[in-house]
Amino acid sequence: MGFALAEQLARRGYDLIIADRYDEIHTAAAALTVFGTEVQAEQIDLCKAGNAYVLHRRVMAAGRPVVAAALTTAVDDASFSDGTLDGALGEVDKCVRGIMALARRQAERMAMFGRGRIVLTASPEDRKPGMDTAAHFSTAAFLRAFADQLDTELSDAGVEVVALMPKPNTRDLAPLTGQALEALTGDDKQGIAARATGAMTALAERFIPDLVKNQFRQIISPTGQAV
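The C-terminal position of the sequence shown is numbered 382 in this note's numbering, with every residue numbered one higher than the one before it.
Honestly, I wouldn't trust all of these hints.
For each label pair, taking beta carbons as the anchor points, the in silico distance ranges come out as [to be verified]:
id, residue 1, residue 2, range
1, D311, D241, 33 to 43 Å
2, F268, Q304, 16 to 26 Å
3, T188, Q304, 30 to 40 Å
4, E263, D241, 47 to 57 Å
5, D303, A217, 23 to 33 Å
6, D241, M267, 18 to 28 Å
7, Y208, S310, 17 to 27 Å
8, D241, F268, 38 to 48 Å
9, E193, D306, 27 to 37 Å
10, R213, D178, 14 to 24 Å
11, D327, F292, 32 to 42 Å
What the hints contain is simulated information worked out from the structure, not anything from laboratory work. Where a beta carbon is used, it is the ideal one built from N, C-alpha and C, also for glycine.
All chains should be modelled from the sequences, with the hints used to inform the complete structure.
If you want it as structure tokens, here you go:
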């Protein structure tokens with residue numbers, strides 16, 4: 156889903172910053188450049204909460220206000236599942252901690268500029284009944300509650316936060332990708348996206364236009380499946 160979302164944004168002329176803990180992130184970046192956009196790859200693991208702050212600082216260093224962020228976690232990327240309760244709890248913690256920390260900081264930054272959109276998702280994985288499924292639904296529940304709270308907290312500041320959660324083992328992600336794209340951009344042609352998964356993370360930002368008619372330079376960081 157992440158790569159599909161990044162591709163749609165690239166087709167719309169967005170420059171991208173994509174991130175993943177795997178080397179394939181560089182292959183994904185190269186594939187996205189065919190659309191004529193600038194793509195920056197960051198190899199970083201968001202399952203480690205501290206890396207959320209690292210990625211946030213890198214985006215802030217660019218000096219461009221973030222307008223929208225699409226952040227996704229893949230439950231199995233936490234590599235904790237061993238069928239035990241402690242394993243499931245550890246998996247949920249790894250899955251939600253980084254994405255929530257990144258979302259919070261992006262949202263606060265958006266509020267400073269009076270606008271922004273954030274989408275949180277948990278990628279569906281092939282799960283058998285048991286602790287793995289419990290971890291997936293627990294992660295989804297955490298992110299839904301967090302998104303609702305953040306949306307309520309910052310609604311007066313012009314920031315919108317939604318959670319889109321597929322069921323485990325969902326095969327067709329096209330509808331969810333479409334919903335995420337609509338939530339991030341909608342009728343607002345200045346929408347930008349950033350996405351983070353346990354394996355891949357992405358962040359997006361864009362220049363706010365000057366009073367003169369300068370073209371917008373868009374920077375996005377969506378990620379997802381690497382090619």
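- request: Find the hints from earlier in the document that the structure breaks and name them by number, from lowest to highest.
  value: 4, 6 and 11
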